[in-house]
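4 protein chains.
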Amino acid sequence: MNDATQALPNFRSDNVAPVSPEILRAIEAANRGPAAAYGDDDYSKLLNQRFSTLFETEVAVFPVSTGTAANALSLATCVRPYGAIYCHKEAHIDTAEGGATEAFTGGAKLLTLPGRHFRIEPPILREAVTGAAWGVRNRAQPDAVSITQASEYGTVYPLAEIAAIGEIARDKNLSLHMDGARFANGLARLGCSPADMTWRAGVDILSFGATKNGAMSADAIVVFDHNLVEPLSYRLRRAGQTASKMRYASAQLLAYVEDRLFLRLAAKANSVAAYLGAGLAALPDVRLVAPVEANLIFAKLPALAIDRLTANGLQFARRGDEVIRFVARFDSTEQEADEVIALVRRAVTGPTSIGL
Amino acid sequence: MNDATQALPNFRSDNVAPVSPEILRAIEAANRGPAAAYGDDDYSKLLNQRFSTLFETEVAVFPVSTGTAANALSLATCVRPYGAIYCHKEAHIDTAEGGATEAFTGGAKLLTLPGRHFRIEPPILREAVTGAAWGVRNRAQPDAVSITQASEYGTVYPLAEIAAIGEIARDKNLSLHMDGARFANGLARLGCSPADMTWRAGVDILSFGATKNGAMSADAIVVFDHNLVEPLSYRLRRAGQTASKMRYASAQLLAYVEDRLFLRLAAKANSVAAYLGAGLAALPDVRLVAPVEANLIFAKLPALAIDRLTANGLQFARRGDEVIRFVARFDSTEQEADEVIALVRRAVTGPTSIGL
Amino acid sequence: MNDATQALPNFRSDNVAPVSPEILRAIEAANRGPAAAYGDDDYSKLLNQRFSTLFETEVAVFPVSTGTAANALSLATCVRPYGAIYCHKEAHIDTAEGGATEAFTGGAKLLTLPGRHFRIEPPILREAVTGAAWGVRNRAQPDAVSITQASEYGTVYPLAEIAAIGEIARDKNLSLHMDGARFANGLARLGCSPADMTWRAGVDILSFGATKNGAMSADAIVVFDHNLVEPLSYRLRRAGQTASKMRYASAQLLAYVEDRLFLRLAAKANSVAAYLGAGLAALPDVRLVAPVEANLIFAKLPALAIDRLTANGLQFARRGDEVIRFVARFDSTEQEADEVIALVRRAVTGPTSIGL
Amino acid sequence: MNDATQALPNFRSDNVAPVSPEILRAIEAANRGPAAAYGDDDYSKLLNQRFSTLFETEVAVFPVSTGTAANALSLATCVRPYGAIYCHKEAHIDTAEGGATEAFTGGAKLLTLPGRHFRIEPPILREAVTGAAWGVRNRAQPDAVSITQASEYGTVYPLAEIAAIGEIARDKNLSLHMDGARFANGLARLGCSPADMTWRAGVDILSFGATKNGAMSADAIVVFDHNLVEPLSYRLRRAGQTASKMRYASAQLLAYVEDRLFLRLAAKANSVAAYLGAGLAALPDVRLVAPVEANLIFAKLPALAIDRLTANGLQFARRGDEVIRFVARFDSTEQEADEVIALVRRAVTGPTSIGL
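Taken in sequence, the protein lines are chains A, B, C and D.
Note that this note's numbering numbers the first sequence so that position 320 is 320, with each residue one more than the last.
Note that this note's numbering numbers the second sequence so that position 158 is 158, with each residue one more than the last.
Note that this note's numbering numbers the third sequence so that position 105 is 105, with each residue one more than the last.
Note that this note's numbering numbers the fourth sequence so that position 154 is 154, with each residue one more than the last.
Rather than coming from a laboratory, the hints here were simulated on the basis of the structure.
A quick note: this is a predicted structure, and the numbers were derived from the prediction, not measured.
There's no promise every hint is true.
Covered stretches of chain A, going by a simulated chain C footprint (3 or more residues, C-beta under 8 Å) [unchecked claim]:
no., segment
1, 80 to 92
2, 228 to 235
3, 270 to 279
Restricting the straight-line Cα-Cα distance to at most 30 Å, the calculated cross-link-like pairs of lysine-lysine (DSS-like) are [unchecked claim]:
no., chain 1, residue 1, chain 2, residue 2
4, B, 89, C, 172
5, A, 172, D, 89
6, B, 89, B, 172
7, D, 268, D, 89
8, C, 300, C, 268
9, A, 300, A, 268
10, A, 89, D, 172
11, A, 268, A, 89
12, B, 89, C, 89
13, C, 89, C, 172
14, B, 172, B, 300
15, A, 89, D, 89
16, B, 172, C, 89
17, C, 89, C, 300
18, A, 172, A, 89
A few chain C residues that face chain D, going by a derived Cβ cut-off under 8 Å, partial list only [unchecked claim]:
no., residue
19, 10
20, 18
21, 28
22, 98
23, 100
24, 238
25, 241
26, 245
27, 248
Where is the CB? At the ideal position from N, CA and C, for every residue including glycine.
Model the full assembly from the supplied sequences, consistent with the hints where possible.
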């Protein structure tokens, strides 16, 4: 009773993935006898310790059920109701979370910025922040910056760029939030330490995604700025985001980082994406919209070709008339990528009228 | 790495329970290959159908990650920001959800009512509703009633009482919400159909609990009033309550109702609770605070005796100086109940000074 | 085109009063030529200075258009969304402001307390605060106390009581808000200094009412706790409470406190109230519900008598079957009080069936 | 004690204006004896009738204390928390009200549109609305359009443009809100009836500004869509926007529309603005940024010249390096305009280095 039997490979989203076997086994192992609720179980108690080791600093970790909750509650803890959050104009928090950030902040403003390769550019941010209406009572007051690593278009901020953004944030007393729905994919790309990509570069609070990369239903908020821990803990409970049987989410998260599983899973996804991206880029009439640096491929091709792919039943996400997105997962294969490349080749080289 | 090896039985809460084997198997079975996200998978598509069969009417079902989310989002969909919700003064929504209902409604008011056996009494409700400041602009306007079945103290509304409340609600154009965190325990007690205990008695929207009774992390909102379906669906997404890999929650919920598993699990919990309640009530200096009609036992006993139980390491919840709560689960046993009874017996019959 | 020609005296509310001549003249005087907007005019600039002199400490003053705005925005500045506010169960903020405090705080909870003479009793408050669920994530966290001086029933907190409440607040790190819709009436009663009745007794922020006591449309928030000034200033603008032509509100407030006008006006109202209260108390079948300490009289008399007064066209507020409220104003007279006493005498001594 | 004695004319904003004599007289006339509170007085009761006559249809009128309150509460009544509002990217609701609309709607989104002359262009609106993510749960749902008449840059929507926008709104079931902070200036420009400029063109709810054009503190919400009346009335009270002594606001509003006073006042302001605009446009190095159609003049001139004007003490608003705004009022004169023109002439023709 699932879609596994379908003929064509599915590159629609990372969310279509199953749970990785290691994580499912961890859930099963946690399923023995009673355990204290609301985070007082042994798994949850380990979380802070394991993640503090992973991040090489003392962090607080809060499992949440979705990335939207992670983002919106992180930001609500950093931002006053009359505050403003700088983000890229393609940021998921602005375009695809149903206004969760506005809801949980009590109506704060998202100020969107342009930026090449779907990343905030430090000079653009600095200009915006410097020119903000500081202290003007009828204007939203800058409180936070949110960056997405890897970005919504699969590009990856280099460390120097995060650090430059972190410096601007620190200069202006803004919190720096990282939407890490694809944290592992970004980290695998950079090959640096989790610490380097986060708090050492100025990140105060992190939406640590696991669900897209092999977990079942376990994202987390990782808090580097200790002042945010207590208020966040209340906001989570009030938001219905404090799971009673938390051991199952915690067990997933522990397994996810155990022996760097999360990096192995992400590296696999990135690798298939790179392979698929290269294959597509070599096709006539196909152009990559953004460099493939993580597990997402955005390709521009003729609308007619896209229509054909849709008609064929290929699973992908369309973004406008001539742009499509493919997402590679930890369970994707080069063979599946080859199939997609072949299908796209046929679609773009077919007759120019839509005789499907 | 869990608490299973502890010496004493754990009757602290239903939330300490593991996942029932049937539900864990359902999760494992769902873990094959890719599946569409955000509820477009085969499992989630089945939910509405199976629950409509179960409830003998067309319902919409939305999985959520916690009961708090279920309650607060259900009520936010029924109630205007300047509206009011009638509930019992011991209602979980007022006493133990961190203000989630106030947060998600935009600041609606909870109007609490007294009532014997921790249930709203229809005459008290009617008097409150009738005497409300209808149309007065500086007073909260009645919009909903929320009842908890089984109640926070383990008592169960008889059908006639729900119907009487439903009639008041209908007369006054109020929505009727049921907090069914222990829906199965209430239903097992009454032995009626799910339809009889809900929409046939006037319930418009139901927080359908499964987590406390054997699921891993899967509660749901079941909507009987079709007008609420669309607005609820937006509020859920905005609240970070729309799981991307929804198949896992849906698979749990399907298994939970398959072959009435939920009733078998609840019947077991209720049965152990009845056994434990009877055993405790027979002890000297022990009095049941409320009739044991579901899986909760509230007992009054001397503070000194409670201190002894705590010192012994018995797991229960203390509610004030002289009241304690025990909760039986699907995986509780009469043997464990016997152990508790023996411990309590020793605690209440010990010397009157606290030589522990 | 107003109600001045009506035959019977009007004791319905202080809000039915006209503007005192002194304040109207101040408005007229302010109406010359252009003046800077949003508080940068000369009148508004004087406000902080004059009120700081009046209160013998440095305060910040913000004119607002209503007492509801003053209360709700004061409290929203003191209280976290997951916070709680202690107030008397008859507090206006809970019973008569349409949920403004819940709205502006983002859904904080009002925790109501009983208390003789419609005042919070320090021991009851201390017990409530001490027994609060501090640090428990699913329970509202105490953040503020709100007292009303003079109270909603016209009683007045003695200084020692305010100080005792202030001490509890300070001990527990709660903000102390005073709803001073009838601040002048309370102050005139006590005969102490504004400083003694506020910050010296622990008050952090004050809703300073002027509209009920002779102003046209000018209440204010007076801030003693300097940490609240900046966040309040943003919240006011965002709430639509920062008047562009602020000079007119400021001119009213300056005239209101000039030469202690506000105390003279309040003393007059209090005096007529005392006279009316004594006259009513002397009648058969009439009993004062609360001591008359400010400008409000609550009297209990037979329902039939109240019906007769209503039928006669007397202007008062009915509070239940057998309780009515009279409010004396700066422009009320003893002659009007005599008229009311005579009417009530006839109403209570008439035949026992309602032959009106 | 005001700024009237200053040497230079003040064209900084319409908010610096005093109250027109007619309106001050109306306030004085209302100040006789007691009058019912919260809108039950004779003045307030007349409001609906007089405005219904003025607008040639049955309307409900609610006085409010500021334009920000008028806008935010109007929109909050039209828009779901997960809804979206289309407005021009220079709309006051987005740029200058401290996030009031986000606050009162519970976090709805403002979607800003470009448009020549600072007006929404119907084709751009239609494209945006048509391309909206209707029904997509993680995207804000279009609920309203807000236009500003006269616009923030003093341009005026022709009737046909409003009607075209109204048609789009009707087609898509969106509410159409008009921010009429300068309603009279727009209406005076068009010379049409209030009905033509509002409901006949599809406007559902109107922020009716009076404060900028001669009132003291009295804006209003005029409701054409009867479904909005009741919910708005609750929201106003909850927002602290229901004045107790409402007669004074109502008396202002009645005087404001009596014998079309509001149009005479606006015509005067528009006329001085046209005169000033023409005079400035004729100067070397000065260019009008927008056509002068109401009472605002935006002029581009060298930064150095602006610096000189500032140094001279001329009162205007700077909008960026090279743009300044002048605002003419009902009490502005052509003589004052001449003074400004002379000052600007000297500023732009002075030496090119800033020897002030």
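Could you tell me which of the hints above the structure violates, numbers in ascending order?
When the structure is compared with the hints, numbers 3, 14 turn out to be violated.
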